[in-house]
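Visitor: Chain H is fixed; fit chain R onto it per the hints.
So the protein lines, in turn, are chains H and R.
Okay, so the first sequence: first residue is 718 according to our numbering, each after it adds one.
Okay, so the second sequence: first residue is 90 according to our numbering, each after it adds one.
Simulated from the structure, these hints should not be mistaken for lab results.
Don't take each hint at face value.
What the hints assert, rightly or not - Heads up, simulated BS3-like pairs for lysine-lysine below, C-alpha to C-alpha not over 25 Å straight-line:
| no. | chain 1 | residue 1 | chain 2 | residue 2 |
| --- | --- | --- | --- | --- |
| 1 | H | K766 | H | K984 |
| 2 | H | K809 | R | K294 |
| 3 | H | K795 | R | K363 |
| 4 | H | K795 | H | K817 |
Given next are the chains, with one letter for each unit.
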Amino acid sequence: MSWFKRPENEIEANAEKRVRTEGLWQKCDGCGQFVFKPDLEANLQVCPKCNHHHRLTARRRIDSLLDPDYELVDLELKSTDPLNFVDIRPYKERLEKARKQTGLNDAALNAVGTLGRHHVVLSVMEFAFIGGSMGCVVGETIARAIDRSLASARPLIIVAASGGARMMEGVASLMQLAKISAGLATLDDRGLPYIAVLTHPTTGGVTASFGMLGDLNIAEPGALIGFAGPRVIEQTIRQKLPEGFQRSEFLLEHGMLDAVVPRAELKSYLDRALDFMQPPSQ
Amino acid sequence: MTDQAAANLEDGHAGAEPVTAAWIKTELARHPQRPYPMELIQRIFTDFSEIHGDRAFGDDPAMACGMARFHGEEVMAIGNLKGHSTKEKVRRNFGMPNPEGYRKALRAMKIAEKFHRPIFTFIDLTGANPGLAAEERGQAEAIARNLREMARLRVPTIATITGEGGSGGALALAVADRVLMMENAVYSVIAPEACGSIMWRDAGKRARAAEALKITSEDVSQMGCVDDVVPEPLGGAHVDAQGAVALLDAKLQWHLSELRAMPLEEMIARRMSKFRNIAQFYTG
Chain H
718 MSWFKRPENE IEANAEKRVR TEGLWQKCDG CGQFVFKPDL EANLQVCPKC NHHHRLTARR
778 RIDSLLDPDY ELVDLELKST DPLNFVDIRP YKERLEKARK QTGLNDAALN AVGTLGRHHV
838 VLSVMEFAFI GGSMGCVVGE TIARAIDRSL ASARPLIIVA ASGGARMMEG VASLMQLAKI
898 SAGLATLDDR GLPYIAVLTH PTTGGVTASF GMLGDLNIAE PGALIGFAGP RVIEQTIRQK
958 LPEGFQRSEF LLEHGMLDAV VPRAELKSYL DRALDFMQPP SQ
Chain R
90 MTDQAAANLE DGHAGAEPVT AAWIKTELAR HPQRPYPMEL IQRIFTDFSE IHGDRAFGDD
150 PAMACGMARF HGEEVMAIGN LKGHSTKEKV RRNFGMPNPE GYRKALRAMK IAEKFHRPIF
210 TFIDLTGANP GLAAEERGQA EAIARNLREM ARLRVPTIAT ITGEGGSGGA LALAVADRVL
270 MMENAVYSVI APEACGSIMW RDAGKRARAA EALKITSEDV SQMGCVDDVV PEPLGGAHVD
330 AQGAVALLDA KLQWHLSELR AMPLEEMIAR RMSKFRNIAQ FYTG
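With the rest of the complex left out, here is chain H (with noise of 0.2 Å):
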């Protein structure tokens, strides 16, 4: 703390340079540096310096999978908050608040359209609802992604990205996982694709549930994956984790993903593993 108060022009003629490049510029999670924003927004937020993936919203996700033409549906759905659960603030408080965020009415959206040479479903979880949460919503949206997977008999896939369960509506969220479970054996009995694509981060009943239970489980680099959080794990055993632990390479090299793919990559690696999930033509 000063002794004198500064002049406040001194404080306006910051605040005009501020404002003059605010928004042009952001630092880089990966490496640290200043990237040029139009060029992570032309590169998919993917850094063009360290090759950083940072978070996509589950509209750019969509954008860049399917063809222009596709149709977002299910999008009706809205949490009824069950528990009435109110902790430091009312989850309904919380819910409005990540509705005007993202501009949607939960943590999962889906879409129908065209991936290369395939007509598939797509459901898409938003993390910054509420950390890409499930809850009855996110559940029952994944569930009709499936149901309509099913009755067109196009392939699923789900990107997934989400914290795990959503806590705030207690046990029921915890069933959304065997809601959406049973409809992925149903799903494999028919012989129709699934593939899970696992981005930063995807931990607890997701990862647990349908984020790997795909016919191709795959990932994009440094993505952190698992069941229990990190912090869970160094609570429980003690120790420090070691470097790289829970990352998408780790869990590639345990057995666990069936490929890491880059962000730039993954429509036409999607649309390739598709080509051979196709039934034979005759």
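Guide: Only chain R this time, still in chain H's reference frame:
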């Protein structure tokens, strides 16, 4: 219970975190004298012959599976193991199974399916083991696979939450035709302590968290997340294990006979539709 909670509130808890009815239930569910899954299995079934190993990595001491007879009928009985003494608890990893435990359970269920035997599971665990090695061996994958495979088993399945039903680790044994919950059991997406430390940034808020999470058998069944609640003798299963066993046994017999009376395809279709329509707390 509510009376007891009120009494606790009055004496000696002024200023401390209030004790809630749901927290008292949680403590009952965790009561050290409460019959654990293996004790229930041994009292309800006869001729239990254990099946070991997941054929991939090891044999999880926190999970037991075995061929057994239920009133003379051949069945598969599965339960997690906790242990009463400190030494036993450590050996059983405090009842928290590793991936190989879930894989062993699934292997046992597949054997039961092959030979058309009903499956009973008994669950009393805080959660799946959150450890470094468990992650390396794919805890998430093991649980996920169990969820999917249990959903389509072609034999009757009855799961009972006997104490703590701890999140995904419990659900991995509870995607069943009938899911029962003992009266003083709790079923939750997260342990109250963990919920307290995340939402209130204070694990001491566990009593409040337990209440907010609605984890008692009454609440969970009201939300339609379990099919039936098994009454316990006055005071709870820990004061009268034999009485608790008799009540549970009667329920298990009744549910099995109901499932037996159904054509197989109908039973599976009902199971699928139950989980497809479970917990629909949304509008639109």
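Visitor: For this structure, which hints from the list above don't hold up?
Guide: none
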